[in-house]
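Novice: Sequence:
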Amino acid sequence: MPAISSNKPYRIGRSRTGLGLFATKPIKKGTRIIRYIGPLLDSKKEDEDAIENKYLFELTNRWTIDGSVRQNVARYINHACRPNAESDVKPRKRKVYIRAIKNIEPGEEINYDYGTDYFKAYLKPIGCKCDSCEKKRKKKRAEARAERARLKAKEEKKARAKAEKRAKAKAGEKARSKVAGKTTKANGKAKRLNGHRFVA
Numbered sequence: 000m001p002a003i004s005s006n007k008p009y010r011i012g013r014s015r016t017g018l019g020l021f022a023t024k025p026i027k028k029g030t031r032i033i034r035y036i037g038p039l040l041d042s043k044k045e046d047e048d049a050i051e052n053k054y055l056f057e058l059t060n061r062w063t064i065d066g067s068v069r070q071n072v073a074r075y076i077n078h079a080c081r082p083n084a085e086s087d088v089k090p091r092k093r094k095v096y097i098r099a100i101k102n103i104e105p106g107e108e109i110n111y112d113y114g115t116d117y118f119k120a121y122l123k124p125i126g127c128k129c130d131s132c133e134k135k136r137k138k139k140r141a142e143a144r145a146e147r148a149r150l151k152a153k154e155e156k157k158a159r160a161k162a163e164k165r166a167k168a169k170a171g172e173k174a175r176s177k178v179a180g181k182t183t184k185a186n187g188k189a190k191r192l193n194g195h196r197f198v199a
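Position 96, counted from 1, in the sequence shown is what numbering that gives the first Met the number 0 calls 95; the numbers after and before it change by one each time, with no gaps.
Read the hints as simulated data drawn from the structure, not as lab findings. Incorrect hints may have been included.
DSS-like, lysine-lysine: derived pairs with alpha carbons at most 25 Å apart [stated by the list, open to error]:
{"id": "1", "residue 1": "LYS139", "residue 2": "LYS119"}
{"id": "2", "residue 1": "LYS89", "residue 2": "LYS43"}
{"id": "3", "residue 1": "LYS53", "residue 2": "LYS139"}
{"id": "4", "residue 1": "LYS27", "residue 2": "LYS119"}
Since the model is a prediction, treat every value here as computed from it, not as a measurement.
Construct the complete structure from the given sequences, taking the supplied hints into account.
Specialist: Right, here's the structure in full:
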């Protein structure tokens with residue numbers, strides 16, 4: 000890991016995605032934090048155009064910075080969908096700086112948006128792990144749990160209603176069979192007198 004002098008406002012540290020770059024001092028909005036460095040690759044040269052790694056930073060259609068070198072501390076800055084920094088690209092000078100777009104407090108992780116192409120190629124297949132996406136996932140999981148609980152309660156309510164209906168139907172049948180039994184007994188006691196039927 001490259002050594003970082005103590006006067007720099009950042010340090011390399013453990014992050015949710017592995018290693019990340021963290022502020023050690025307050026960084027004001029608009030401040031250039033660090034430069035993204037590495038050898039320049041020329042896409043017109045076949046051997047350089049064939050180089051593939053996830054630290055390539057495209058400046059123009061022709062020039063790309065290969066940021067995989069250990070001296071490039073900026074490579075430790077992770078992607079975020081709601082970042083606190085951005086890449087400030089100077090294509091003519093063939094330089095890239097990472098600049099704060101919000102005030103960054105000590106201990107806060109420095110991050111920037113890697114862009115749509117990088118996101119689709121590297122992050123989407125495994126799922127973005129930035130704070131914003133983690134919060135969305137937590138919210139979705141909580142909503143899914145709440146929905147499952149709501150459906151379960153609905154099913155239980157239905158089952159209780161069915162059970163109550165069956166119990167009422169049984170009670171109704173019992174009552175009807177009791178009445179029918181009494182009527183049969185009463186009919187059994189009926190006698191005839193002068194051709195008229197009466198109950199004794």
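Novice: Hint by hint, note whether the structure agrees.
Specialist: Hint check results:
no.	hint	in the structure
1	LYS139 with LYS119	holds (21 Å)
2	LYS89 with LYS43	holds (20 Å)
3	LYS53 with LYS139	violated (30 Å)
4	LYS27 with LYS119	violated (31 Å)
Checked against the numbered hints listed earlier, the structure breaks hints 3 and 4; every other hint is satisfied.
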